[in-house]
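Starting from the known structure of chain G, fit chain C onto it as the hints suggest.
2 protein chains.
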Amino acid sequence: LMPASTLNPEDAEGVDKARNLRERVLIIGFGRFAQVVSQPLLARDVDVSIIDMDVEMIQAAGNFGFKVYYGDGTRLDVLRASGAEKAETILVCVDKQADADKIVELVKAEFPLTKLFVRAYDRGHAIRLVQAGVEYQLRETFESALVFGYQVLIDLGFTHQQAEETIEDVRRRDEERLSIQMVEGITGGRSLMRGNIRTTRPEPYIKPHREGQALNEEAADALEEEEEREKTGA
Amino acid sequence: LMPASTLNPEDAEGVDKARNLRERVLIIGFGRFAQVVSQPLLARDVDVSIIDMDVEMIQAAGNFGFKVYYGDGTRLDVLRASGAEKAETILVCVDKQADADKIVELVKAEFPLTKLFVRAYDRGHAIRLVQAGVEYQLRETFESALVFGYQVLIDLGFTHQQAEETIEDVRRRDEERLSIQMVEGITGGRSLMRGNIRTTRPEPYIKPHREGQALNEEAADALEEEEEREKTGA
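Taken in sequence, the protein lines are chains G and C.
Reading the first sequence from the start, the letters are residues 89 to 322 in the numbering used here.
Reading the second sequence from the start, the letters are residues 89 to 322 in the numbering used here.
Since the hints were made in silico from the structure, they are not lab data.
Backbone N, C-alpha and C fix where the C-beta goes; we use that ideal spot for every residue, glycine too.
Now the in silico label distances, taken between C-beta atoms and shown as ranges: (1) GLY221/G - MET270/C: 39 to 47 Å; (2) THR247/C - ILE242/G: 24 to 32 Å; (3) ARG110/C - ALA197/G: 54 to 62 Å; (4) GLU101/C - ALA100/G: 49 to 57 Å; (5) ASP104/C - ALA220/G: 35 to 43 Å; (6) GLU264/C - SER267/G: 34 to 42 Å; (7) GLN219/G - GLU198/C: 43 to 51 Å; (8) GLY221/G - GLU198/C: 48 to 56 Å; (9) GLU173/G - GLY273/C: 41 to 49 Å; (10) ALA100/C - ASN96/G: 42 to 50 Å; (11) PRO200/C - HIS248/G: 26 to 34 Å; (12) SER267/G - GLU223/C: 30 to 38 Å; (13) GLU173/G - ARG259/C: 32 to 40 Å; (14) THR247/C - SER267/G: 26 to 34 Å.
A short, non-exhaustive set of chain G residues, derived as facing chain C with CB atoms under 8 Å: (15) PHE121; (16) ARG132; (17) PHE154; (18) LYS203; (19) GLU228; (20) GLN239; (21) LEU244; (22) VAL258.
To give an idea of the interface, some chain G residues facing chain C are shown, with a C-beta separation under 10 Å as derived from the structure: (23) GLU111; (24) GLY119; (25) ALA131; (26) ASP135; (27) ILE138; (28) ALA149; (29) ARG211; (30) LEU226; (31) LEU234; (32) ASP243; (33) ILE255; (34) ASP257; (35) ARG278; (36) GLY283.
Here chain G stands alone, though its shape is the one from the complex:
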């Protein structure tokens, strides 16, 4: 298969540019994330327009029951042609942070009445999106990681109630940390994260036997930068 960038959308069969779209919800970007997000909306008969820039995906999706229009959501003319002004909500589900940020910037400036729900990459991105004034953002792997952790706890022998309480505790700490980070910057609230180095420091909520502490701001900052890029794991 050729890279999408080498295909001319004008020449590709079954590929139409976004034009005069006017549905209630506009989805920008139709990868792994949006393909799942679309399902509850379509189950409830919500009118949905979808745009993406990947010509081959658009062609394949067309044969899969999806009409996906060709369009670059980081362009104002494309947003306009995709019904961004009339839409109640735009779901920004692109996988590149910079593209999501650009779309958010354009929509906030040009179509301020349209709500923005945005797929975030990581904490740093989530904070930027909140500060940009989006109605909703969610880190793309966060909820999956919580479910995964829940399943590990169950497998290790914890009860469902124990696992549920623990996940809720982790979620509360995460939210609190994000709130602090909004004010203090990315290094704020580090002590809310639990490390695997034993300490005796007490913590709010549950009191585990071991606690991690962020020891200095530079280190925490560096960790966040790494988290943002998420280089190859081992």
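Just chain C, lined up with the frame of chain G:
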């Protein structure tokens, strides 16, 4: 910051190679996903070893309350040094599918008593992992996308009960589609996915007003391939 590959782990301060590790749970890869997964475990005082190949991340994490050892989990000697044989469970949380597959292959062959919980990239990867016999796998963006879709429904005016029922329906269909795919291959069960092209075809579970159908195998296959690579969204 320098790319991790240019740093020699031998020379890097605070970076230790994995050696004689023997905790109950071994986490391989400590990016966005594992950082969250670790939290419920540490909250419950589960003994956790962590390995990763990113020297800078290891250093930053060290100042953040985490001891992360240096090691390439796709190597048998490293797995052995990391306690893969004695561990009850290995959490494979690397972000590259091929690395995850390699680790799974090694552990199944060399340490068959150790359980494997694996971060999956997409449906194709999830199917490979199930077929490889892992105890648990979860697509890294799947649960987040469901939560995101739930929040969109609530924002559009559906009740919490309606939204919950819809998410459960989507989850059931997804599981059913995966089950069919295990048998028929990646193109199986396509009609369980709802498209945004209006049709009148009835469906099981909820009956929405519109339904998508996958029209041919090649197209569905192509869509899956695209989904697997998830090229840049619009």
